[in-house]
Amino acid sequence: MTIEQLKYIVAIARSGSLKAAAAEQHVTLPALSQALTNLERELNISLFRRSRTGTTPTEEGRKLIQHAEAVLEKLQEFSEEAETYTESLNGELKIASFPGPMEILVELFSNFRKLHPNIKASLFENTSQRIMRKVDAEAVDIGLVIYTEKEVQKYRNLVFKKLLDGHMVTAVNNKHPLAREELITEEMLLKQPIVLYNDAYIQAFMRQFKSLQYDILFTTNNVQTIRNMVENETAINIGFDYAFRTDAELSRSKDITLLHFAPPFFQTYSFGYVYHGNNTLSRVARTFLRELEETILAKEESHAKSDPSLYTHIKNTPVI
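In my numbering, the protein residues as written are 2 to 321.
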């Protein structure tokens, strides 16, 4: 019996598929299947039932898999305690983020590297959807993303940790006629020039307004362009309220008012981080995430205290 075999049966039980477990463990399907067969022969029992609909643990298998999970957890505790005997942090850390919290990340990254110079760190910017795909492919260790329950169900191999709730909002110039409205309705978007951040979630949100002939001027990944368009009353913007609280190019504008949508378009999304469930977070990653959580939550609390409207003049959150 080997540690790899224990990892394999836990992965098979979690995914319900030998093929998915093999991909997750980065081994060929024949190699994983042979390792399982060898373990079952050694134990003289069947750990799984195979069928066209998937692979499920037998009653004996289910109990033994629970023990395997406990063994792997103890092994991780062993590794973590061994790490604590080394004062300096070492290793590599690859993090990707959507643009909103990038300024926070850059500052935190800089301070983190000064305290732990032996760490090799990389920071990337991308859309939430692409980041989740990269984390799923294990090309990135940690991703800061906007997500909904749909993504949680889609990426079964990923672990999602929510930090904050957010909402889709409409951003308009303070002098724009819509700035006097309490809530944004579907009809109010009629013939309004709109600029969007290039994000699949935002585009999916816009597809709800099927009855409207709204005018999307263009989509862009440049938040400075979005800010300029709104401040100059050239267009309105529809996007994540969190971006207006954190992104430097958006949060520092005093000429922008944010408005929530009226039901049924008032929708909540989650902001947080994601990592691959197959990868136990390293000491480096855990230390960085602890500092990240403390920094983000402290900034949110500070914004709420300094401005009851959360710094960007969000009007009238609907009660659903």
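Fair warning: there could be bad hints in the mix.
[Claimed, not checked] Keeping only pairs whose Cα atoms sit at most 30 Å apart, straight-line, the calculated DSS-like set for lysine-lysine is: (1) Lys95 with Lys163; (2) Lys64 with Lys155; (3) Lys121 with Lys300; (4) Lys192 with Lys255; (5) Lys135 with Lys75; (6) Lys115 with Lys176; (7) Lys163 with Lys135; (8) Lys192 with Lys75; (9) Lys155 with Lys192; (10) Lys162 with Lys121; (11) Lys211 with Lys176; (12) Lys300 with Lys192; (13) Lys176 with Lys163; (14) Lys163 with Lys151; (15) Lys176 with Lys64; (16) Lys176 with Lys95.
No lab work stands behind these hints, which were simulated from the structure alone. Given the structure is predicted, the values throughout are model-derived calculations rather than measurements.
Against the structure, the hints come out as follows:
1. Lys95 with Lys163: holds, 19 Å
2. Lys64 with Lys155: Holds, at about 28 Å.
3. Lys121 with Lys300: holds, 27 Å
4. Lys192 with Lys255: It holds: about 25 Å lies between the C-alpha atoms, which stays within 30 Å.
5. Lys135 with Lys75: holds, 29 Å
6. Lys115 with Lys176: Violated, at roughly 45 Å.
7. Lys163 with Lys135: Given pair Lys163, Lys135 holds - Cα atoms ~19 Å apart, limit 30 Å.
8. Lys192 with Lys75: violated, 61 Å
9. Lys155 with Lys192: Cα-Cα ~35 Å, so violated.
10. Lys162 with Lys121: holds, 24 Å
11. Lys211 with Lys176: Holds, at about 28 Å.
12. Lys300 with Lys192: Judged against 30 Å, a Cα distance of about 37 Å means the pair is violated.
13. Lys176 with Lys163: Violated - the C-alpha atoms of Lys163 and Lys176 are around 35 Å apart, more than 30 Å.
14. Lys163 with Lys151: holds, 14 Å
15. Lys176 with Lys64: violated, 65 Å
16. Lys176 with Lys95: violated, 43 Å
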